[in-house]
Structure formats: structure tokens, C-alpha cells
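The hints should help you fit chain B onto chain A, whose structure is shown.
Spelled out, the chains give:
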Amino acid sequence: MSGVKVRKIIRLSLSYLMLVILSVAALYPAIWILFSSLRPGKSLYSKTFIPETFTLEHYRALFYDNTLLFPTWWLNTFKIAMFSMLLGVFLTLLTSYAVSRFRFKTRKTTMSVLLVLGMFPGFMSMIAIYLLLKEFNLLDTHLALIIVYAAGAPLGGTLIAKGFLDTIPRSLDEAARIDGAGNFGIFWRIILPLSRPMITYMALTQFVGPWVDFIFARLILRTKEKWTVAVGMWDMVNSNQNSNFTTFAAGAVLISIPIMILFGFLQRLLVEGLTAGASKG
Amino acid sequence: MQRHHTRATILSTLFMGLGQIYNRQFIKGFIFLIVEALSLTYFIQNLGRAVWGIVTLGTTSQHFEKVKGIAKLVKGDHSIFILIQSLITIIFFVLFLIAWYMNIRDARNTGAARDAGHTPGNFKQSIRYILDYKFAQTFLILPSVGILLFTVMPIIFMVMLAFTNYSAPNHMPPAKLVDWVGFETFRSLLLLKSWSHTFYGVLTWTIIWAVLSTVTTYFGGMLVAMLISQQGVRFKGIWRAILIIPYAIPQMISLLLMRNLFNGQFGPINQYLKFFGLGGLPWLTDPFWAKVTVIVVNMWVGIPVSMLLIMGVLTTIPRDMYEAAEVDGATNYQKFRIITLPMVLFSTAPTLIAQFAGNINNFNAIFLLTNGNPVNGNYQYAGSTDLLVTWLYKLTLDQNKYSMASAVGIIIFLIVATFSIYNYRRTKSFQEEDMIQ
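Heads up: the protein sequence lines correspond to chains A and B, in order.
The opening residue of the first sequence carries number 1 in this note's numbering; numbering runs sequentially from there.
The opening residue of the second sequence carries number 1001 in this note's numbering; numbering runs sequentially from there.
Pulled out of the complex, with its shape left as it was, chain A reads as follows (with noise of 0.2 Å):
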């Protein structure tokens, strides 16, 4: 065998290893919380990885018992999420669009803005919201979760979304632009398409965002029907302390599963680099 070809192996070797070590860490907590939610019993504490019996109680407290509103938490959230997304990746393809393609007096301007207020702690403005809010008599509803979420995503998103959009090639515009589109088509027949990537990421992003907020959410929904399920989930683990974590890790998969297998169906969409086929192409 020549050196060439033994190095080879040796270096294949040693990724696999790593992957290996890698893929473990990273399902060793999925399974754990997979299995505590089978165990029997309340606590944390269990003698064996691998329970000795298993139990669906803790799910189907989760749907019956009427302390928790955990379906109608669930649909909450999802709504929620839904509704920011669209309306959150909306935003943020215009702004990034626009700073991506054209040049105009105030454009260095507005990016640095945006990044500027993208570094203010969310915290800082809590009050004023809350305060705003109850102004326009929006307390306590999805709405306004929604139309904060997604007036909040331009700022996080536009400028990575921009330095997607900016390796778009121009000539395809141009060779778009000659054939007669004009801005709106070609935002829609080319940038769009070719941005699918990115647009994934900001939606995925954007999806998650409410699933994980619970404390503007708390600060917001007052009643337990308008929960979401952060603010449920929370509630549960807190109020309880150790005692109900087998529910709460029930509760964990639930919200988990849905959202992995999004992931799954989206993450090929994820790294497929449409862009690099299409200026060669």
C-alpha cells in the first residue's frame, strides 16, 4: 500500500472516531429525556439508564389531567410560531434585499443601525413593550407575541441574510433585468428561488424563536389557556421543582419530536447550495 493510501485510512479512521464520540453526546441527552419520560414514578433520580418497566402515564397525563392545558398550549405556540414566521421572514427578506442590491445614499447607514439595535438587551425594552402594548390593549394576546417576534426578526436576520444574498451572482439580475423583469420580478422569479437556503434558515430560526421565549411570553399571557408552551413547560418544572419531572420530560419529547422532524424534512434544503450550481449553470 503506497503512503498516500495509508494516510488515507488513517485519517478516515480518526473522523470516525470523532463522529462517533460526537453523535453520542449529542443523542445521550435525547434518550435520557426519552427514557425518564417511560419510567415510572415522579423523581429525577434513576438507578439504571434503561428503565427497568416502562409507562405512557406521564403522556397521558398530558392530555387528561386537567391541571395541565398541555394541547392547548401546543397549539398556541405553533399558531404563534407559524404566524411570525411568515411575517418574520417577510421582513427580513425586504430589508436584506434591499441592502443587498441596491445602492443608495443611506444604505451603509441602515445596515449599522441594524446592528446596532440587534446588541440592545432584549430585557432593556421589556417594560416599554409591556407598557405599549397595554396602550393599544394588546395584553394577553397572540397577536401581540406575533407582531413583536416579527418585528424583532429584520434585526437579527437581515445581516446574515445579506451576506447570503450578496453571493448571489448580479449578472443574473442583469441578464433577468435585459429580459425585460423589473425589481419585483426579479425578487420573486430570482432571488427568491435561489435564496431557498437561507430562507430556510431564517424561517427555521424564526420558528424555534417562540418555542423558546418563555419570558416575554410569561410577561405577556396571563391567562393559563393562553400559555405557550415555554411558559407551560416552565410553570411545570418550577413550580414542581424535581417532584414532576417525569411529566415535564414527557412534555419535552412532545414539543421536541414535531420540531425534529421539521428538521429533518428541511435540513437538506439547509446545505444544498443552490447558488453555487446556478452562476455556473
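To be clear, the hints were calculated from the coordinates, so they are not data collected in a lab.
One or more of the hints may lead you astray.
Claimed, not checked - With a Cα cut of at most 30 Å, we get these calculated DSS-like pairs of lysine-lysine:
no. : chain 1 : residue 1 : chain 2 : residue 2
1   : A       : K224      : A       : K42
2   : A       : K224      : A       : K134
3   : B       : K1274     : A       : K42
4   : B       : K1124     : A       : K105
5   : B       : K1176     : B       : K1072
6   : A       : K105      : B       : K1134
7   : B       : K1193     : B       : K1291
8   : B       : K1291     : A       : K47
9   : A       : K8        : B       : K1291
10  : A       : K134      : B       : K1176
11  : B       : K1124     : B       : K1134
12  : B       : K1335     : B       : K1236
13  : B       : K1176     : B       : K1335
14  : A       : K226      : A       : K42
15  : B       : K1075     : B       : K1176
16  : B       : K1075     : A       : K134
17  : B       : K1236     : A       : K5
18  : B       : K1068     : B       : K1176
19  : B       : K1394     : A       : K134
20  : A       : K47       : B       : K1176
21  : B       : K1394     : A       : K226
22  : A       : K134      : A       : K47
23  : B       : K1394     : B       : K1291
24  : B       : K1236     : A       : K108
25  : B       : K1176     : B       : K1066
26  : B       : K1335     : A       : K5
27  : B       : K1068     : B       : K1193
28  : A       : K134      : B       : K1335
29  : A       : K226      : A       : K79
30  : A       : K8        : B       : K1236
31  : B       : K1193     : B       : K1176
32  : A       : K224      : B       : K1291
33  : B       : K1291     : B       : K1274
34  : A       : K134      : A       : K79
35  : A       : K108      : A       : K224
Every value quoted in this text rests on a predicted model; they were computed, and no experiment measured them.
The following block gives chain B in isolation, referenced to the frame of chain A:
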């Protein structure tokens, strides 16, 4: 021949839209007229009170009055509501002034065009002009409104709070009025021993945390991305799917879960350590180990994000660049250093900065995992792993020290903003953004 130009300008200055009507752009003119009429009615009713509110923050405090021998509670001014209402009115006023200025400029330009012998465009043509030449600005209107209302306005409000004495227990409306105190709050925070000790301690940890957590996740993610995408590694999709899982679990779940995993008494990690005959570690209860834990857990949560992002960039790097490098006999390391790293850094520089800024304000990682604990006896309302932002949260929601919290917020902002703007302006994607064409 400057007649039209001057007349249109004067008319528009007098009342929005008159200049446009003079220029025979009737539809546009009427729209402007209506805008001005509505605005005037609004400002006549509200502007005076807004100025009074911002200057005084209310003058009557809540008190009891004897009415026919019975003490009756008289509602006073609620300083904070007054402040926010005034602020909204003033922001509308500034917007109105901008619109007014633009109306004058528009009338003058159209007038000048008429002086030069052109006929002013009709409404349809104006719309066309906007779509063709002011497209970017049109696109930015909607996002700007959202940002103005839900980001800029609240920020101005909070900045103002830092200069008041809005805090428990002595200045809490509606019972008591709030006053302007100038830089008093900042002076206490930076110079007064009881506050400054906590502030500098928390600040130091915040910076250490931000640097470590950004570097570890970014380069961790790059390493993983390159491991998977290197030539010869099979089942790329499966590896990716497995390693994405931590990202797919909602962060607030995974952090609460980790809090339990690292639980010193019952957590499985310590159970394993004991099984192998090692003593358990005080993961969340010892100041040093709690810091280690948050960094490690943050890597678990954050690496998949960087991995995805960098994998995305890796696929956009043209293959022929590598082929050319191979022809020239470049080693793997050279290919990485000369092609991969610059390309990845170019595309992700803004993300990297955003991550750094995000980590300075990474509320979730700290709050959900350690809640800022373990308690530090030397600190004012802060624990050993508290970042400035979680301290701010505690000051706001638990202690009602609003003015102090706002001052901390402004300082966080100043630190992050100076650093990031400087850094961002230096990155290639800002200076040479037209490099990739």
C-alpha cells in the same frame, strides 16, 4: 425663470400638499393635505401635554383628601404612563416633521422641473418612479415601522428611565412620583462601592463568557462541518442528521434538561462518575464548576448552529478552486488555510459578530441552567454565573430597581456596540462586499 420652483416650495411649507396641487399633481397633493389635516388635529390635542409630561413627569402625587370628613384617595399622575404617552406623541411629531420636509423637497423638485420646461408626472408616473428608483426605500418602509415601534421607541424609553429615580421602594408610581435625576444612577453604579463591586465582577465574567462561548461554538462547528464534508466520509446525511439533534430540541427544553443532567445529587452525570469510583463534581453549586458547566452546555447547544451555517457556506465554495489548488500540489492544510477559511470567514463574519453580541446577552443559557447561581454573598442581587443581562433581569423583575437596570442596560449596550461596530466595519463583507459577483 424660477417662479414655479419658489411658489411650490412656499406653498408646501405653508401647508403640506399645496405645492403638489399647484404643480398639478392632484392625487398626491390631496393625500398630503389629508395627512397634514389629520396630523394637525392630533398634535393640537396632544403635543402640549406631551411636552409638559416629558419635562415634569407628572406633578400631582397620589394623596388623601378630606371630603366631608372622610379621607378619599385622589389619583395622582402616573409618571411612567405619562412618560410613555409623551414619548409616542413626540415620535409621531418627529415623523410628521420628516414627512413635511420631504413634501417640501418634492414640491421644490417638481417645481424646478416645470421651470426647466418639463410637465410634472401624473400619479401613475409617480408610482412608477418610486418602484423603479426608490425601490429599496419602499422595501424598507414596513420593516422600519416595526423596528421603530417595538425596538427604537422602547430603547429610547429605557434610556430615559436611566436618568430618573424610578425604583423600589421610594419612587414607584402610582403611589409616588418619579423625577429626573440626571447622571446620579450611573454615578452610583460605577463609583459607589456597594454597586460598583458587583458591576465590575459581573462585567468581567460576562466578557470571559462571551469570548469563550463564541470561540468554542464557532470553531467547534467548523471542525464538525469539515469532518462531515471531507472527501471519503460516507453517510454524510446521517451524521449531519444526528449532530443537528441538539439544535432541533427547543433550547428552553434542553437547558432545563441539562440542569437536571448535571444535578449534583440525582443527576446521571454524577451517578456515572460515582460508578467509576470518582467523586461527583459540584457542577452547579461551586462557582468555578458552574462556569465550566455553562460553557460546556453552551457548546452542546451552539455547535450545531455553527455547523449548519458553515456547511452551507462550504457547499457554495466552487469546487474548481480546490481542483486548481490540487493541480498546484497544495496540501489539505494549505487548501483549508487559503481557500476554506477565508471563504467561510467572509460569509460568516456578520454571524460571528452577532453570535458574540448574542452571547454577551445570552439570557437563556444562564438563566435556565443556573439561574445565575451559585449565590455570591459579596454581590448585590447577583450570583456567580450571572451575566450583566441576567443581573439586569433580576434588578428589573425581582427588585424593581428600574433606573439601575436601565443604566446597566445602557452600559451593556455601549460595550457591545463599540466593539461590534468597529469590528464589523473592518470585516471584508462590509468593505469589499462586491468582491463576490
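Next on the checklist: Please list, smallest to largest, the hint numbers that this structure does not respect.
Outcome noted: 9, 13, 20, 22, 24, 27, 28, 32 and 35
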